[in-house]
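> What follows is the residue order along each chain.
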Amino acid sequence: MLGSLDFDVITRSLPYVLGEGLRFTLTLTALATVFGLTLGTILALMRLSGMKALSVPATLYVNLMRSLPLVLVIFWFYFLVPYIGQFVLRTERPVQVGAFASALITFSLFEAAYFSEIMRAGIQSVARGQAAAGSALGLTYRQLMQYVILPQAVRNMLPVMLTQTIVLFQDTSLVYVISLTDLLGAAATVANRDGRLVEMYVFAALIYFVISFGASLVVRRLQARMAIIR
Amino acid sequence: MAMIRLEGVSKWYTPQFQVLKDCTLSVAKGEVLVVCGPSGSGKSTLIKCINALEPFQAGSIVIDGAKLPDPKTNLPKLRSRIGMVFQHFELFPHLSITQNLCLAQEKVLRRGHEEAMAKAMMLLERVGLTAHAHKFPGQLSGGQQQRVAIARALAMDPIAMLFDEPTSALDPEMINEVLDVMVELAGEGMTMMVVTHEMGFARKVADRVVFMDGGEIIEDRPTEAFFGSPHSARAQTFLSKILAH
Ligand SMILES: Nc1ncnc2c1ncn2[C@@H]1O[C@H](COP(=O)(O)OP(=O)(O)O)[C@@H](O)[C@H]1O
Ligand SMILES: [Mg+2]
Chain S
1 MLGSLDFDVI TRSLPYVLGE GLRFTLTLTA LATVFGLTLG TILALMRLSG MKALSVPATL
61 YVNLMRSLPL VLVIFWFYFL VPYIGQFVLR TERPVQVGAF ASALITFSLF EAAYFSEIMR
121 AGIQSVARGQ AAAGSALGLT YRQLMQYVIL PQAVRNMLPV MLTQTIVLFQ DTSLVYVISL
181 TDLLGAAATV ANRDGRLVEM YVFAALIYFV ISFGASLVVR RLQARMAIIR
Chain Z
231 MAMIRLEGVS KWYTPQFQVL KDCTLSVAKG EVLVVCGPSG SGKSTLIKCI NALEPFQAGS
291 IVIDGAKLPD PKTNLPKLRS RIGMVFQHFE LFPHLSITQN LCLAQEKVLR RGHEEAMAKA
351 MMLLERVGLT AHAHKFPGQL SGGQQQRVAI ARALAMDPIA MLFDEPTSAL DPEMINEVLD
411 VMVELAGEGM TMMVVTHEMG FARKVADRVV FMDGGEIIED RPTEAFFGSP HSARAQTFLS
471 KILAH
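Same order as they appear, the protein sequences are chains S and Z.
So the first sequence is numbered by this note's numbering: it starts at 1 and just counts up by one.
So the second sequence is numbered by this note's numbering: it starts at 231 and just counts up by one.
Simulated from the structure, these hints should not be mistaken for laboratory data.
There may be inaccurate statements among the hints.
[Claimed, not checked] Taking lysine-lysine and the BS3-like style, the derived pairs with C-alpha atoms no more than 27 Å apart in a straight line are:
no., chain 1, residue 1, chain 2, residue 2
1, S, 52, Z, 278
2, Z, 302, S, 52
3, Z, 297, Z, 278
4, Z, 349, Z, 365
5, Z, 251, Z, 302
6, Z, 434, Z, 278
[Claimed, not checked] Some chain Z residues well away from chain S (every beta-carbon gap over 10 Å; in silico):
no., residue
7, 243
8, 245
9, 251
10, 288
11, 295
12, 303
13, 320
14, 343
15, 353
16, 360
17, 413
18, 430
19, 434
20, 460
21, 473
C-beta atoms are modelled at their ideal positions from N, C-alpha and C, and glycine is treated no differently.
Excised from the complex, chain S in its bound form (with noise of 0.2 Å):
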């Protein structure tokens, strides 16, 4: 059996499947992850904020989201962002964002609900006396929250946020729900059109694994030297 395998077919579609799947794949796991984190570090100031008319309309989100699978949400914003967009912008027509946007901000809001209990958790785990110390220097809530209280959350829970950006990367394989290309997506494309399906669903795994294993070493390794001494 393992004499009719063609592993030439991986070289052969490498420019495809790296050049575009891979790029496609790299490039929406990263802006999810940077828009993600922004607005989860909001929510997670608003739930944490003490004042019910922030905090309520946080959690109620988070929780929705958390309790949607993602291919729901990515299949349902493919067909609302439009809408909500000629409702937010008053046009006349539903606005085209096309398939990577709209897979990009469904991809942002999501994950944001994930992050923002990673955030909360991370605030919530520095000491109580740090706030009360920023702020009796004179720091503004903001600045409080800049230099001191959210640089420590950070450090504090860098191993899990990476868990987190390391499952959305695997997870963006679920566009092709709305058709985009991605790193599973060429290599499927190849294996049927090639008749390859082992040689490129093995070549697929391999570098999820590798992209996702080398990530945490080199977290790890980061990890140690943002560490904060104790």
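Using the hints provided, position chain Z with the ligands relative to the given structure of chain S.
Here is chain Z with the ligands on its own, set in the frame of chain S:
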């Protein structure tokens, strides 16, 4: 003229629990006030109110002309003018010692980095920690951390300093190195309000001693008079307990 003046300050944590009861006191410029009293009597809450770290529901506080509560008072600015030292130091563990001293100078007072750094090094020399400037808080002993915390507060050129049990989290052999810095500060004419049970320190530098119990100021008297003959039975009991050992 009073640098800090509290007038009938009352505070409730819950409608049922009144933590401060009609507290009135004043601290003159250059005066050193020691506050003592049993655990849970409201000492920490009282000094947090002065620094606007805790709100209060009745009464008023005036600090060098700035009034609390008053929507027109800029709270961060007020806090930046009053130094505060905590029981557990509360240095920022992710920042080096010099960064701890420079952060608020640069972000709040808008000093340039060079100027902030010069001030930081001058203060570190003063508390005897120049050699540790590049280290992180976790690499210092408790006594050293508390001296850094005092230097961090002084870097803001405060008009008054508040201390909340600055030595009670320290191993006994480190208490004096911190008290020495505080004695020196008092000698230079700094206005100070110190929550402490170090009665030796109180006798040496305090102008007045305030005794609190159950959220009330029970006694507020010149140091000699307080130690000579505390009026209240509660203060007598308290003193006999902490002076016993
Ligand atoms: N954030 C808070 N919420 C509710 N009760 C508090 C809070 N902080 C302190 N207390 C209570 O208020 C009382 C006074 O506390 P505190 O001012 O810390 O006293 P002290 O410093 O004299 O030991 C204590 O009974 C304490 O349990
Ligand atoms: Mg206390």
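> Next step is simple, just say for each hint if it's right about the structure.
Right, here's what the structure says about each hint:
1. 52/S to 278/Z: It holds: about 25 Å lies between the C-alpha atoms, which stays within 27 Å.
2. 302/Z to 52/S: Status holds; Cα separation ~25 Å.
3. 297/Z to 278/Z: Holds, because 15 Å separates the two Cα atoms, which is no more than 27 Å.
4. 349/Z to 365/Z: 17 Å, holds
5. 251/Z to 302/Z: 25 Å, holds
6. 434/Z to 278/Z: 25 Å, holds
7. 243: 14 Å, holds
8. 245: Given a closest Cβ separation of 18 Å, the condition holds.
9. 251: With a cut-off of 10 Å, residue 251/Z remains clear of chain S, as the shortest Cβ separation is near 23 Å.
10. 288: Label holds. Min Cβ-Cβ 22 Å, cutoff 10 Å.
11. 295: 17 Å, holds
12. 303: With a cut-off of 10 Å, residue 303/Z remains clear of chain S, as the shortest Cβ separation is near 13 Å.
13. 320: Answer for residue 320/Z: violated, closest chain S Cβ roughly 4 Å.
14. 343: For residue 343/Z, whose nearest Cβ neighbour in chain S is about 14 Å away, the distance exceeds 10 Å, so it holds.
15. 353: Given that every Cβ of chain S is farther than 10 Å from that of residue 353/Z, nearest at about 14 Å, it holds.
16. 360: 20 Å, holds
17. 413: 22 Å, holds
18. 430: 27 Å, holds
19. 434: 26 Å, holds
20. 460: 31 Å, holds
21. 473: 30 Å, holds
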